[in-house]
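From the two separate chains plus the hints, produce the assembled complex.
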Amino acid sequence: MRQFLDMGGYAAYVWPAYAVTLAIVALNIIWARRLLAQARTAARRRLGGETGPGDGA
Amino acid sequence: MSWTWFHRLGSPPYVYGLARRLTPWFAWGAGLLLLCGLYGGLVLAPPDYRQGNDFRIIYVHAPSAWMSLMVYTTMAVAAAVGLIWRMKVAHAVAASCATIGASFTFAALVTGSLWGVRMWGTWWEWDPRLTSELILLFLYLGYMGLRAAIEDTQRADRASGLLAVVGVVNVPIIHYSVVWWNSLHQAPSVMRLGKPTMPPAMLLPLLIMLAGFTLLFAALLLVRLRGEILNRERTAAWIREALEA
Chain A
198 MRQFLDMGGY AAYVWPAYAV TLAIVALNII WARRLLAQAR TAARRRLGGE
248 TGPGDGA
Chain B
-7 MSWTWFHRLG SPPYVYGLAR RLTPWFAWGA GLLLLCGLYG GLVLAPPDYR
43 QGNDFRIIYV HAPSAWMSLM VYTTMAVAAA VGLIWRMKVA HAVAASCATI
93 GASFTFAALV TGSLWGVRMW GTWWEWDPRL TSELILLFLY LGYMGLRAAI
143 EDTQRADRAS GLLAVVGVVN VPIIHYSVVW WNSLHQAPSV MRLGKPTMPP
193 AMLLPLLIML AGFTLLFAAL LLVRLRGEIL NRERTAAWIR EALEA
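Just so you know, the protein sequences line up as chains A and B, in that order. Under my numbering, read the first sequence as residues 198 to 254, first letter to last. Under my numbering, read the second sequence as residues -7 to 237, first letter to last.
Isolated chain B, as found in the complex (with noise of 0.2 Å):
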């Protein structure tokens, strides 16, 4: 097998035009995407037998909550890659994930407390799910804090990127939470084994939602990255290049 895309992806300029030769894409893609999730979860699904429309607040909250972990698992593989190998370029992908997976765990957090008030009665409780997932966010803030307190960028790639591999045993914690103990939240309806346990009129538009965030996640990174590269490039000549570009 060759290694020369790996050797690629660790050199900064190439990075720098692929990722923005791809964000739009990635960019018209979610954005679309997006629109026809909307639309589905609004307006064609239909309400549910127990639940009524309060149920619509999965189109919001599932993706954001699926973000949550999508992000933190990608920064985490990146600052591993990161740590291992020396790369400068993973290292920036890492850093550019941490305000995006805070956001959206926020989100999901808020869109939580919105359903569970009239499912559950309740807008929070210490269950291990919602526990696990506020953990998700301090792990976030902890590594955006450690990163502002630390000036040299490659220390500060170092600390927090080892901060953000110790935290990803959250990830597996928050998944399963619902499974291992026993939680309000209810049991997962896509991501498990076996077939989902949601008609295809619901469940579309949710996969909808699911593929339109990840894709709005891919054009967010590669717009941060370029940002991190252009940071992390103090002096190379092929910056003038690109700014011309």
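Isolated chain A, as found in the complex (with noise of 0.2 Å):
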């Protein structure tokens, strides 16, 4: 385990690389997601907000 995360030296690169990486799907993921739940507000909003929760997702 010591030995995977060393990275053969050069853990200070690889494992960076990676966590940016990550953090983009991950910020992707959650952006993506606040863009339609915001849409889907504004919509109900516009149509006079009588329709429920809806589809989720």
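If you're looking for bench data, these hints aren't it; they were derived computationally from the structure. As the structure is a computational prediction, the values presented were derived from the model and not from experiment. Every residue, glycine too, gets a C-beta built ideally from N, C-alpha and C. Careful: at least some of the hints might be erroneous.
[Unchecked claim] Far from chain A, by Cβ distances over 12 Å, these chain B residues were calculated:
1. S(-6)
2. H(-1)
3. M59
4. S88
5. S124
6. G134
7. L154
8. P164
9. I165
10. Y168
11. V171
12. P192
13. L199
14. T227
[Said to hold, decoys possible] With beta-carbon atoms standing in for the labels, derived distance ranges:
15. B:A151 to A:R199: 51 to 59 Å
16. B:R13 to A:F201: 21 to 29 Å
17. B:Y168 to A:A239: 41 to 49 Å
18. B:L133 to A:R243: 28 to 36 Å
19. A:D203 to B:E236: 49 to 57 Å
20. A:D203 to B:T(-4): 53 to 61 Å
21. A:Q235 to B:L14: 20 to 28 Å
22. A:A216 to B:G2: 39 to 47 Å
23. A:F201 to B:R150: 21 to 29 Å
[Stated by the list, open to error] Listed below are several chain A residues computed to face chain B (Cβ distance under 8 Å; list not exhaustive):
24. I227
25. L233
26. R242
So, in structure tokens, the structure goes:
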């Protein structure tokens, strides 16, 4: 395990690269869901707000 | 040949429903492939005989760079379709691409920098590949800025769509920059004519990561597309149904 985390001395380059990429993936998932949620809220408000919570996601 | 499929793809309610049904398939597929690819790339693949474990950056760098180009191409094609056939849904697809593409272009530049600092001895060089990729980031940011600056969605679609179409010339420049010019960056090892230059134990995790990122893009695009469609359909009656379904 120690050896794996050390990455043969390249830990300081390999792990930040993975961390940045996975953070971008996570952010993209959050941003996409937020965009849809906001659009749904806005559409519901335009329609008069009488619709229910809807299909989630 | 029947063009009904094309006409149906121009119908916001149809595309909205289709996007909702397809999203989980792409999302779960992406999750599964990314887990397999990460395990293969970090654990199963052997260290490179010259670069040691540093080469493992390829499993996040190459897919990010692939995303940066694939997303831009998708955006430009969608924008062109939107401009030519005045198709609202196509403009919505193009608008959905920009944030995704910009963020993965950023990831490609950062991971490339982390790789380059040990292999080339520098974080940044005004090299053809690096410079053209940076221009790609500015194209995305310009597209987003242009959209943000124009309040009317239809006008924003047309103006930003034109920028996306013109900017697509940069895509082949990025891809062939390492072939046309004397670049620090290594030549393609997968996206090339003839056989890949990597052994299967290294190549397979990379192909899995590339497929995983592609499915991830599809899932992200479809979720964003629904939002963009809702924002464009100001009064349509089908929205009430879609929100309740």
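To see whether the hints hold, each was checked on the structure:
no. : hint                          : in the structure
1   : S(-6)                         : holds (31 Å)
2   : H(-1)                         : holds (24 Å)
3   : M59                           : violated (9 Å)
4   : S88                           : violated (8 Å)
5   : S124                          : holds (20 Å)
6   : G134                          : holds (19 Å)
7   : L154                          : holds (23 Å)
8   : P164                          : holds (25 Å)
9   : I165                          : holds (24 Å)
10  : Y168                          : holds (25 Å)
11  : V171                          : holds (25 Å)
12  : P192                          : holds (22 Å)
13  : L199                          : holds (17 Å)
14  : T227                          : violated (8 Å)
15  : B:A151 to A:R199: 51 to 59 Å  : holds (55 Å)
16  : B:R13 to A:F201: 21 to 29 Å   : violated (40 Å)
17  : B:Y168 to A:A239: 41 to 49 Å  : holds (43 Å)
18  : B:L133 to A:R243: 28 to 36 Å  : holds (30 Å)
19  : A:D203 to B:E236: 49 to 57 Å  : holds (55 Å)
20  : A:D203 to B:T(-4): 53 to 61 Å : holds (59 Å)
21  : A:Q235 to B:L14: 20 to 28 Å   : holds (21 Å)
22  : A:A216 to B:G2: 39 to 47 Å    : holds (41 Å)
23  : A:F201 to B:R150: 21 to 29 Å  : violated (52 Å)
24  : I227                          : violated (11 Å)
25  : L233                          : holds (4 Å)
26  : R242                          : violated (11 Å)
Of the numbered hints stated above, those contradicted by the structure are hints 3, 4, 14, 16, 23, 24, 26, listed in ascending order.
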